[in-house]
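Once you've looked at the hints, go ahead and assemble the two chains, each given alone in its own frame, into the complex.
Chains X and P, in that order, are what the protein sequence lines are. With this note's numbering, the residue at position 135 of the first sequence is 135, and numbering never jumps. With this note's numbering, the residue at position 123 of the second sequence is 123, and numbering never jumps.
Please keep in mind that the hints were generated in silico from the structure rather than gathered at the bench. Don't take each hint at face value.
Coverage of chain X stretches by chain P, computed from C-beta distances (three or more under 8 Å per stretch; other residues unrestricted) [said to hold, decoys possible]: (1) 17 to 23; (2) 77 to 88; (3) 148 to 156.
Residues on chain P that point at chain X, a partial pick, calculated with CB under 10 Å [said to hold, decoys possible]: (4) A4; (5) F25; (6) S36; (7) F110; (8) I116; (9) G129; (10) F132; (11) L135; (12) G139; (13) L174; (14) G240.
Glycine residues also receive a C-beta, built at the ideal position from the N, C-alpha and C atoms.
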Amino acid sequence: MSGITRWLLPGFTGLVIAFLFAPIVVMIAFSFNDPAGHQNITWQGFTLDNYLTIWNRSDITDPMVTSLTIAVLSTVVATALGTMVALSLTRYEFHGRGILNLLIFIPMTAPEIILGASLLTLWVAMGFARGLPTILVAHIMFNISYVVVTVRARLIGFNRSLEEAGMDLYATESTTFWKVTFPLIFPGILAAGLLAFALSIDDYVITLFSAGHTVTFPLWVYGASRIGIPPEVNALGTIFFGIAFVFIIVQVWAQRQAGRGQQGAEAPIAPVASR
Amino acid sequence: MNRAGRRLVPYLLLLPGTAWLLLFFAVPMAFMLVMSLQEGSLSAGYHLTWNWGIYPEVAKEYGNLFVRSVGYALATTLLTIAIGFPMAYTIAFYGGRLKNALVLVVIMPFFVSFVIRTLNWRMILSDNGLVFGTLKDAGILEQSFRFLATPASVIFGLTYNFLPFMVLPLYVALEKIDRRLIEAGTDLYASRAQAFWRITFPLALPGVVAGSLLTFIPAVGDFINADIIGARSPEVAMVGNVIQRLFLSVNDFPAAAALGFVLVAATMLLVGVYTRLVGTDRLTS
Chain X
1 MSGITRWLLP
11 GFTGLVIAFL
21 FAPIVVMIAF
31 SFNDPAGHQN
41 ITWQGFTLDN
51 YLTIWNRSDI
61 TDPMVTSLTI
71 AVLSTVVATA
81 LGTMVALSLT
91 RYEFHGRGIL
101 NLLIFIPMTA
111 PEIILGASLL
121 TLWVAMGFAR
131 GLPTILVAHI
141 MFNISYVVVT
151 VRARLIGFNR
161 SLEEAGMDLY
171 ATESTTFWKV
181 TFPLIFPGIL
191 AAGLLAFALS
201 IDDYVITLFS
211 AGHTVTFPLW
221 VYGASRIGIP
231 PEVNALGTIF
241 FGIAFVFIIV
251 QVWAQRQAGR
261 GQQGAEAPIA
271 PVASR
Chain P
1 MNRAGRRLVP
11 YLLLLPGTAW
21 LLLFFAVPMA
31 FMLVMSLQEG
41 SLSAGYHLTW
51 NWGIYPEVAK
61 EYGNLFVRSV
71 GYALATTLLT
81 IAIGFPMAYT
91 IAFYGGRLKN
101 ALVLVVIMPF
111 FVSFVIRTLN
121 WRMILSDNGL
131 VFGTLKDAGI
141 LEQSFRFLAT
151 PASVIFGLTY
161 NFLPFMVLPL
171 YVALEKIDRR
181 LIEAGTDLYA
191 SRAQAFWRIT
201 FPLALPGVVA
211 GSLLTFIPAV
221 GDFINADIIG
231 ARSPEVAMVG
241 NVIQRLFLSV
251 NDFPAAAALG
261 FVLVAATMLL
271 VGVYTRLVGT
281 DRLTS
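Next comes chain P alone, as it looks inside the complex (with noise of 0.2 Å):
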């Protein structure tokens, strides 16, 4: 190969792949910012207008669903924060020779799909069902008590779905740990509570902000939950529930595109607030 062609190659490595994600990935977030901005309908066709007055309607229409959405959000990264660090760091500390297959077993469940795991959680969970049924026959809850469709529901299915994504960069963070560190802590005359919050946990703050961003984001997006284990009740309904109605339902295209384009642009802002206030090089080491 002469010298000119071998100056192109990693360009031409690059070009299918980057190509690809550019028609399909930044093209159509271009053509949903201008749909967002049309007026019309799907039959008569749509027309740009420039209508950023979108923007204020959706806001005031939808605003409680996207403080909903991202309070949701929010509880279910922390929940799987507690449920997931104490696991992970338990798995890494004390796996000994376990602890690659314990780390399979976490992720087992999630080789059955999302949609079938869901749906089983719906029933076991369901008024008369496996957990609760058995309660209320055996009079400990009021016949009239329910749990789907509450928020505390949709927060418990997106902490189930999600909690993998925490715990697996938690465990890649703490199970690099060097031990000399925590031993010359206690060396040092460190309490072990001291050992953990002053040297475990930092050093595991690369996979708390990993793990969070891989929770948050698909958490405020989803709609799954909301409407399986939330049983499509207004009341919990999120962000992305209004979003596919829209789209899918309502064809109320200019209206569902300003709300997509909001909650990208707001989880964007989010993650880059977050990512700043810890520290980016946290990211990528």
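Excised from the complex, chain X in its bound form (with noise of 0.2 Å):
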């Protein structure tokens, strides 16, 4: 073992971590300040109002509950599309296929500018007015491709002659795709699911080019932000940083209990939340 190894890369590591962390330890620390005015850039002291005002100012729960519709919704909607084009292309031969699997990689290739920005051209060329709708269906397309591909690698591994068990012991082809198939994919659906509703709930970009007057939480933050950070934006990214936390710890639980004994289980890698 030479010092690289041993010392080095552990860490510099240990420093790309600390890196990644900085903004997210600096966000929960002010998440606690009492600022004088509306700047919030130095310490002024302990408070934990910040927590207990958000609830009150529908500046700013109207927003997380907007957010939290779309994302509710095209969640649902581009999980179950999604599904489904990911079941044809990898279970049946038919023309087209091998280009349609390229095609579908498409828009997660283009910047996020022209996505948001090509469905605006549509909706000015078309005359329909942009709210909460458009902001919609703008989530749905730029999700459906997350979940193919997510849903995808889930069905590639899959072992079909668990179906041709379940048919041979005469179960019907929906017996069999409930019973057998379902249950088996579902941890890639659920995986596809998670994936999608956090690129919606996150989403400014693509959003802003569709939301007309309507105001999303990453809209109304960034709009708040201005000048300085309100504290209500840091307790709020603290609860959802908190909220995620809890989430990983009981997936990785889960993961260690269902994978005893169980060499090689699948990476718990939960969505980045984030592009």
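Here's what the structure looks like:
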């Protein structure tokens, strides 16, 4: 073992992790700050007010409700549509399958601003008023590809002989699907749904172009932070981070339980909640 | 189900999802191209005049922004490789039982909204903020020193925000390398450096390629980092900032659409050349 592998690499990795967490640590610290005025850039004193006042301020809660509504609806629709596409692409032979496998990737390779801006030209050209429905359409659009790719990864490693066994035992096609196939691919569908939800609730760029006068949570944060960061923003960020943290711990624990004695269990890579 | 019905199943499964993508991804792209060739104003309406002249016009006016955006995105990609590779390598080769936990630790900060993270960086790096304020008070930096609104600050923000998109594919590629190949190399008297550059690195190349694409594409079209950490300085504005401004503030739709179309075409071209150079088979593996 040379010094490089023993000290340098772990040390470097530790530093990078510190770098990754730096804004998170500051966010959590300043969520307890009691700012004089609206600037919130120097430490003034400890308070819990930022956590308590959020719920009485409709300028904050309304965008949160809007964001949650959009995230839930777009996740449900995109996960359903994307799973169907993934099933079709992995389990059937048909004309154009190869090219479609590639085409489904293209929305993921376009810069976000292009997805947003091109949709805006559609809304303008068709004379559609922008608002919650147009945001929803946009979110479903960018989520479908991610769902297809995630579910397809699960389906590719799928052992078809399990279904054949079901059919041999006189299960009908739909019984086989719901009793054998669906439970087996469900972890993939769940992962895809979580990814879609995370992408939707955090989206700023694409939403901006389809929003009109509707304000989602990221749009509100952006607008409210022209000069400084309102402490409530950091309080909400801390709450979200806490939820994600607990969620990850539970997920890791569940996988530990499920994966006991089973080598090579999948990495519990929860969705990267950001773009 | 009868046989004809059975043949329809894959198409029926495909239909809603692909129709959605066609209507709200492909069709808008066509609308954007058409929009770029129109003349008029938002209030008076637009008319298609096949005004191809808009393209040389925006190229002349915003060409430097394209060069700058590509430069920033390239710098970001190289920096994320330089930072992400040693990190992914350490986790994959020396992570042991902590591997999965470490990967989670890497992505955990990204559960906080992109906008909130970037805003907090602006605060940390502000002129009298936690970092530079302290250095100024200690007399290490000039009082006039400014990091925000410099090219370095925008590249810093981009690197931070897109680092996981590099680390994850690198980790996946490095993690599945068969260690016996490296042992075989060292058994045959390769030095550790030789074994790394001739075995490990080539095998990790698919991760480098995937990571580069996942970093470069969003970085080249980004406008949030230039807006927040770049403090809206025109000196560090990227193409995305202009597209956003022309579409949403100035309402010069044709010019904005033309810029958008050039950005998409340029990105696809770069990606095409890059994947051709390194081989597409590496991407799909």
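Interface restraint verdict for F110(P) against chain X (beta-carbon cut-off 10 Å) = holds (4 Å)
Agreement of hint G139(P) with chain X interface, Cβ distance less than 10 Å = Because about 20 Å separates G139(P) from the closest Cβ in chain X, which is outside the 10 Å limit, the hint is violated.
Check of the segment 17 to 23 of chain X against chain P for coverage (Cβ-Cβ below 8 Å, three residues minimum) | It holds, with 6 qualifying residues against the three required.
Is the shortest C-beta separation between A4(P) and chain X less than 10 Å?
-> violated (14 Å)
Status of the hint placing G129(P) at chain X (closest C-beta pair under 10 Å) = Given a least distance of 6 Å, the restraint on G129(P) holds.
Claimed coverage, the segment 148 to 156 of chain X by chain P - three or more beta carbons nearer than 8 Å = Three-residue rule not met by the segment 148 to 156 of chain X, so violated; n is 1.
Per the CB criterion, is I116(P) less than 10 Å away from chain X?
-> holds (4 Å)
Hint validity - L135(P) Cβ closer than 10 Å to any chain X Cβ | violated (16 Å)
So, S36(P) near chain X? Judge it on the closest CB pair being under 10 Å.
-> holds (9 Å)
Does the nearest C-beta of chain X fall within a distance shorter than 10 Å of the C-beta of F132(P)?
-> Violated - the Cβ of F132(P) stays beyond 10 Å from chain X, reaching only about 12 Å at its closest.
Within the assertion that chain P covers the segment 77 to 88 of chain X, do at least three residues meet a Cβ-to-Cβ distance smaller than 8 Å?
-> With 6 residues in contact (Cβ-Cβ under 8 Å with chain P), the coverage given for the segment 77 to 88 of chain X holds.
Hinted contact L174(P) with chain X - closest CB pair below 10 Å | At about 12 Å, which exceeds the 10 Å cut-off, the nearest Cβ of chain X leaves the hint on L174(P) violated.
The earlier numbered hints that this structure contradicts are 3, 4, 10, 11, 12 and 13.
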